[in-house]
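Read the sequence shown against the numbering used here and you will find it ends at 459, with the numbers running on by one and no gaps.
The hints are simulated quantities; they were obtained by calculation from the structure and are not laboratory data. A portion of the hints provided could be inaccurate.
[To be verified] Simulated restraints on C-beta separations:
#1 Leu-336 to Met-233: 23 to 33 angstroms
#2 Ala-97 to His-204: 32 to 42 angstroms
#3 Asp-102 to Asn-322: 30 to 40 angstroms
#4 Lys-404 to Ser-274: 48 to 58 angstroms
#5 Glu-49 to Leu-235: 49 to 59 angstroms
#6 His-353 to Asp-444: 21 to 31 angstroms
#7 Asn-401 to Pro-43: 55 to 65 angstroms
#8 Ser-274 to Leu-336: 41 to 51 angstroms
#9 Ala-273 to Glu-429: 49 to 59 angstroms
#10 Ala-126 to Leu-336: 34 to 44 angstroms
#11 Glu-234 to Asn-128: 22 to 32 angstroms
[To be verified] Only pairs whose alpha carbons sit at most 27 angstroms apart, straight line, appear in this in silico DSSO-like list of lysine-lysine:
#12 Lys-361 to Lys-79
#13 Lys-31 to Lys-93
#14 Lys-93 to Lys-117
#15 Lys-426 to Lys-146
#16 Lys-221 to Lys-199
#17 Lys-426 to Lys-361
Glycine is no exception: its CB is placed at the ideal position from the N, C-alpha and C atoms.
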Amino acid sequence: MPKTNTVIPLHQSAQPQFDEPRRFKVYTARQLDKIEPLSRLDEETRFAMEVVASVLPFRVNEYVINELINWDKVPNDPIYQLTFPQKGMLAPEHFDKVATAMRGGDKAEIKAVIAEVREALNPHPAGQMEHNMPEVDGEKIDGIQHKYNETVLFFPSQGQVCHSYCTFCFRWAQFIGDNDLKIAAKEAGQLKKYIQAHPEITDVLITGGDPLVMKTKNLRAHIEPLMELEQVRTIRIGSKALTFWPQRVVSDDDAEDLLELFREVQASGKHLALMAHYNHWQELETEIAREAVRRVRATGAVIRAQGPLLANINDNADDWARLWQTQVELGIVPYYMFVERDTGARHYFEVPLAKAWKIYRDAMKQVSGIARTARGPSMSSHPGKVEIQGVTEINGEKVFALRFIQGRNHDWVQRPFFAKYNEDATWLNHLEPAFGEDKFFFEDELALMEKTD
Numbered sequence: 007m008p009k010t011n012t013v014i015p016l017h018q019s020a021q022p023q024f025d026e027p028r029r030f031k032v033y034t035a036r037q038l039d040k041i042e043p044l045s046r047l048d049e050e051t052r053f054a055m056e057v058v059a060s061v062l063p064f065r066v067n068e069y070v071i072n073e074l075i076n077w078d079k080v081p082n083d084p085i086y087q088l089t090f091p092q093k094g095m096l097a098p099e100h101f102d103k104v105a106t107a108m109r110g111g112d113k114a115e116i117k118a119v120i121a122e123v124r125e126a127l128n129p130h131p132a133g134q135m136e137h138n139m140p141e142v143d144g145e146k147i148d149g150i151q152h153k154y155n156e157t158v159l160f161f162p163s164q165g166q167v168c169h170s171y172c173t174f175c176f177r178w179a180q181f182i183g184d185n186d187l188k189i190a191a192k193e194a195g196q197l198k199k200y201i202q203a204h205p206e207i208t209d210v211l212i213t214g215g216d217p218l219v220m221k222t223k224n225l226r227a228h229i230e231p232l233m234e235l236e237q238v239r240t241i242r243i244g245s246k247a248l249t250f251w252p253q254r255v256v257s258d259d260d261a262e263d264l265l266e267l268f269r270e271v272q273a274s275g276k277h278l279a280l281m282a283h284y285n286h287w288q289e290l291e292t293e294i295a296r297e298a299v300r301r302v303r304a305t306g307a308v309i310r311a312q313g314p315l316l317a318n319i320n321d322n323a324d325d326w327a328r329l330w331q332t333q334v335e336l337g338i339v340p341y342y343m344f345v346e347r348d349t350g351a352r353h354y355f356e357v358p359l360a361k362a363w364k365i366y367r368d369a370m371k372q373v374s375g376i377a378r379t380a381r382g383p384s385m386s387s388h389p390g391k392v393e394i395q396g397v398t399e400i401n402g403e404k405v406f407a408l409r410f411i412q413g414r415n416h417d418w419v420q421r422p423f424f425a426k427y428n429e430d431a432t433w434l435n436h437l438e439p440a441f442g443e444d445k446f447f448f449e450d451e452l453a454l455m456e457k458t459d
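Input sequences plus hints: build the corresponding full structure.
Dropping the structure here:
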């Protein structure tokens, strides 16, 4: 039977042994009926899960089921909401359409309806496919994105899956089996060649999916060439393994090989940053999750934590304050609070920008300066990362104060601008310029960029 939440108080943790290898067992939409705790739920709820899981990707492992979810609090447990499909994750009209097709049983009809619904969910937001994928000799390079001058994203083909999937994931289209929507490198050598052709690149973010699903020998094949490039200063690995499968750096058969690779990156003079995704303090309460953090930090790598603000999971200041404070005490650097992106199940998770800023501010007020390193609330929008700096009144007009943390044009970075206050806005494109302006300062240049891409 699953535990009802295995948590160890931070200052009372013993020094248990974790080195016994543990089998990784995963469940997908086809095995929903094999997940024992779901048998407690009523038939209507289980069918709703099947409907949503036919549209959005579902994958969960036994560690998440048994160690992270408090089944006594379902459906309100945050990790349950983070990993298991809920009826409200599809718009009512989309849910009804898919449910009707599934009840009808015509496989061709079901497939067509699912494809139609997925297309309506904006599978690749913020110009990921149209404007972020670079070209060489007129052809787009699969598996590489280059949106900001200094940083290139790399999607190794072996890392385009995760130990479990997040229900809010903005890269959900990576995992539904449609090759036209998938971003994945077909040739490992392309990355090194591309970086060498672009001297402005100093940072490489290896992302997915989750690169840490790969065996260390495969990850090493991608990282070692980067260690030879003088221009590369930082190697980042985007991962949720420290939450969804901390055994990856503790007890897997090549866990020590992975940690040795981290040490080698540090010894080469590069900065190694593990960009860890955390959505709730509950993810950091198990003994093995904390042991994983300790082992990664012992290699010299820095763990930076980021995650979106999500309705139904963490949309209150107390949870964020506890998350940031716990991270600091474990030696993790709070890095970003993101705004839920305009894709997938966004309507279920999105929080109005005005409320997001209030939650961020109220959380910041609860922690000391050393935990106030998290930037946000930040929208990873088409023109760049836009931070909500506050709500204020200027010359009698209530406005949002905004700035670019990153921009398609690096000259936009740190430039403040203002938008009319809109209590219902949840994304940048819902905002209008303040003070009678026709457009935001970056719009003309952005339009020109789009024409030349």
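Here is how each hint holds up against the structure:
1. Leu-336 to Met-233: 23 to 33 angstroms: Holds, at about 27 angstroms.
2. Ala-97 to His-204: 32 to 42 angstroms: holds, 41 angstroms
3. Asp-102 to Asn-322: 30 to 40 angstroms: This hint holds: roughly 31 angstroms between Cβ atoms.
4. Lys-404 to Ser-274: 48 to 58 angstroms: holds, 51 angstroms
5. Glu-49 to Leu-235: 49 to 59 angstroms: holds, 57 angstroms
6. His-353 to Asp-444: 21 to 31 angstroms: The hinted range 21 to 31 angstroms holds for His-353 and Asp-444, with Cβ atoms some 30 angstroms apart.
7. Asn-401 to Pro-43: 55 to 65 angstroms: holds, 57 angstroms
8. Ser-274 to Leu-336: 41 to 51 angstroms: violated, 26 angstroms
9. Ala-273 to Glu-429: 49 to 59 angstroms: holds, 52 angstroms
10. Ala-126 to Leu-336: 34 to 44 angstroms: This hint holds: roughly 41 angstroms between Cβ atoms.
11. Glu-234 to Asn-128: 22 to 32 angstroms: This hint is violated: roughly 39 angstroms between Cβ atoms.
12. Lys-361 to Lys-79: Cα-Cα ~25 angstroms, so holds.
13. Lys-31 to Lys-93: holds, 25 angstroms
14. Lys-93 to Lys-117: With a Cα-Cα distance of about 19 angstroms, the restraint between Lys-93 and Lys-117 holds, given a limit of 27 angstroms.
15. Lys-426 to Lys-146: Violated, at about 38 angstroms.
16. Lys-221 to Lys-199: holds, 24 angstroms
17. Lys-426 to Lys-361: Holds, at about 15 angstroms.
Violated hints for the displayed structure, listed by number in ascending order: 8, 11 and 15.
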